[in-house]
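Undergrad: Sequence:
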Amino acid sequence: MPFESDGAKRLNEDIFEAIYFAACEASCELAERDGPYESYAGSPSSKGKLQFDLWNRTPKSGRWDWAGLKERIARHGLRNSLLVAPMPTASTAQILGNNESFEPYTQNLYVRRTLSGEFVQVNRHLLRDLIQRKLWTDEMRTQLIAHNGSVQHLELPADIKELYKTVWEIKQRHVLDMAADRGAYIDQSQSLNIHMVDATTAKLSSMHFHGWQLGLKTGMYYLRTKAAADAIKFTVEVDKVRRANSSATVGDSSSAEKKAIEQLKAGEPKYACVGCSS
Numbered sequence: 000m001p002f003e004s005d006g007a008k009r010l011n012e013d014i015f016e017a018i019y020f021a022a023c024e025a026s027c028e029l030a031e032r033d034g035p036y037e038s039y040a041g042s043p044s045s046k047g048k049l050q051f052d053l054w055n056r057t058p059k060s061g062r063w064d065w066a067g068l069k070e071r072i073a074r075h076g077l078r079n080s081l082l083v084a085p086m087p088t089a090s091t092a093q094i095l096g097n098n099e100s101f102e103p104y105t106q107n108l109y110v111r112r113t114l115s116g117e118f119v120q121v122n123r124h125l126l127r128d129l130i131q132r133k134l135w136t137d138e139m140r141t142q143l144i145a146h147n148g149s150v151q152h153l154e155l156p157a158d159i160k161e162l163y164k165t166v167w168e169i170k171q172r173h174v175l176d177m178a179a180d181r182g183a184y185i186d187q188s189q190s191l192n193i194h195m196v197d198a199t200t201a202k203l204s205s206m207h208f209h210g211w212q213l214g215l216k217t218g219m220y221y222l223r224t225k226a227a228a229d230a231i232k233f234t235v236e237v238d239k240v241r242r243a244n245s246s247a248t249v250g251d252s253s254s255a256e257k258k259a260i261e262q263l264k265a266g267e268p269k270y271a272c273v274g275c276s277s
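Just so we're aligned: 136 in numbering that gives the first Met the number 0 is position 137 of the sequence shown, and the numbers increase by one with no gaps anywhere.
It is possible that some hints are incorrect.
Within a straight-line C-alpha distance of at most 30 Å, the following computed DSS-like cross-link-like pairs (lysine-lysine) qualify [said to hold, decoys possible]:
{"hint": "1", "residue 1": "K8", "residue 2": "K164"}
{"hint": "2", "residue 1": "K202", "residue 2": "K170"}
{"hint": "3", "residue 1": "K216", "residue 2": "K69"}
{"hint": "4", "residue 1": "K170", "residue 2": "K160"}
{"hint": "5", "residue 1": "K59", "residue 2": "K170"}
{"hint": "6", "residue 1": "K225", "residue 2": "K59"}
{"hint": "7", "residue 1": "K59", "residue 2": "K69"}
With beta-carbon atoms standing in for the labels, derived distance ranges [unchecked claim]:
{"hint": "8", "residue 1": "K46", "residue 2": "M195", "range": "39 to 47 Å"}
{"hint": "9", "residue 1": "A21", "residue 2": "Y220", "range": "31 to 39 Å"}
{"hint": "10", "residue 1": "E168", "residue 2": "S205", "range": "25 to 33 Å"}
{"hint": "11", "residue 1": "G218", "residue 2": "D52", "range": "20 to 28 Å"}
{"hint": "12", "residue 1": "D33", "residue 2": "S4", "range": "26 to 34 Å"}
{"hint": "13", "residue 1": "H152", "residue 2": "G47", "range": "52 to 60 Å"}
{"hint": "14", "residue 1": "G214", "residue 2": "G47", "range": "18 to 26 Å"}
{"hint": "15", "residue 1": "K48", "residue 2": "V196", "range": "21 to 29 Å"}
{"hint": "16", "residue 1": "A40", "residue 2": "V119", "range": "20 to 28 Å"}
{"hint": "17", "residue 1": "K170", "residue 2": "G214", "range": "18 to 26 Å"}
{"hint": "18", "residue 1": "M195", "residue 2": "S42", "range": "33 to 41 Å"}
{"hint": "19", "residue 1": "M86", "residue 2": "L213", "range": "27 to 35 Å"}
{"hint": "20", "residue 1": "V119", "residue 2": "E37", "range": "46 to 54 Å"}
{"hint": "21", "residue 1": "K202", "residue 2": "A84", "range": "23 to 31 Å"}
FYI, nobody ran anything at the bench for these hints, they're computed from the structure. For every residue, glycine included, the Cβ atom is placed at its ideal position computed from N, Cα and C.
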C-alpha cells in the first residue's frame, strides 16, 4: 500500500502497538520470575501508566488485552525500564532487499558496493510489479536510470506511481505525523531521518517546530539532503535519454524481462532472517 495512504497509517500504528504489547508482556513475565528493575518503584509504569498513557492516547486496534496486562504489571512490575527503540538497520535491511527501519525507499535504483565491485540494483518489488504487468523493457530501464530511479515522470499506471514514491517525493510532514503515531508505543525513542531536497533554514525550522508540537522525543536523527539539480548520466546513451524524456513507446521486453527475472531469482534469499529483515 502507498506510504501516504490511510491504510499505511493504520498499519504503522498497529505494528508498533503489537511490538510494545509483546515487549511489556515479556518484561512482566521476567519480573514475575526475577523481580522488577531496581528503580521501578515510582516509575510511571508502577503507577499504572504505560507509554501511550503518557501521550494521552488510547490503543485503537482492540487486538490486545491492555487492561489485563496492566493488572499483571501492577502485581509483578516490569523487568526493563525501557523496551522499544527502532534503530536505523541500514546494513541489515539489505539482507532481504528491504529499506532501512520504518522509512520509505530512498531510491528505486541504486548502486551496491561490495568487495567484488559495484552492482546496479533495482527495487525488487517495483521490478516484480513491472514484470507482472509486462512493463519492464530495455527502454523502461533506461528511463528509470534517466530519472534517478523515480517513476513519477514515467508513463506508468497511477497506482504504481503512488506505491513507489521515494522518500524524496513524500511530504516530510507526513513522515513526522507517522512518527508521532507510533511514538505512543515507543518508550525510548526512534532513529528518525529527515529527507529534504534543497533544504533551507525556513524549511528546517518549520519541520523542527512541527515535530516538537507532536511531542517527538527525537525530531531528527540525520538530515539527508540533495541539490535540486541532477548530475548528467554519462553512462546512459544521449539518444535513449531523449527518447525517455519525450516518448513512452516501449520496445521488445524479452531481453530486459529475462535479465530482471534472473536478477530477482538470484537475489531471493534461501533462508530469511526475520530478526534482520526490517
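Undergrad: For the hint 26 to 34 Å, verify it against the beta carbon of D33 and that of S4.
TA: Hint violated: Cβ distance 43 Å, outside 26 to 34 Å.
Undergrad: Does the Cβ pair K170, G214 satisfy 18 to 26 Å?
TA: 19 Å, holds
Undergrad: Between E168 and S205, is the Cβ distance one that fits in 25 to 33 Å?
TA: Violated - the Cβ-Cβ distance for E168 and S205, about 19 Å, lies outside 25 to 33 Å.
Undergrad: Just to be sure I understand the hint, the distance between the Cβ atoms of M86 and L213 should be within 27 to 35 Å; is that true here?
TA: 21 Å, violated
Undergrad: Hey, K216 versus K69, does the alpha-carbon distance stay inside 30 Å?
TA: This hinted pair holds, its Cα atoms lying about 24 Å apart.
Undergrad: So if I understand the rule, the pair passes when the alpha-carbon distance is 30 Å or less; does K170 with K160 pass?
TA: 15 Å, holds
Undergrad: Measuring from beta carbon to beta carbon, are V119 and E37 in 46 to 54 Å?
TA: 52 Å, holds
Undergrad: Between the beta carbons of H152 and G47, is the distance compatible with 52 to 60 Å?
TA: Given a distance of about 53 Å, which is inside 52 to 60 Å, the answer is holds.
Undergrad: Honestly, do K48 and V196 meet the 21 to 29 Å range at C-beta?
TA: 41 Å, violated
Undergrad: Does the hinted range 31 to 39 Å hold for A21 and Y220 at CB?
TA: 24 Å, violated
Undergrad: So does G214 sit 18 to 26 Å from G47, Cβ to Cβ?
TA: 21 Å, holds
Undergrad: Does the alpha-carbon distance linking K8 and K164 stay inside the 30 Å limit?
TA: 16 Å, holds
Of the hints listed earlier, those the structure fails to meet are numbers 6, 9, 10, 12, 15, 16 and 19, in rising order.
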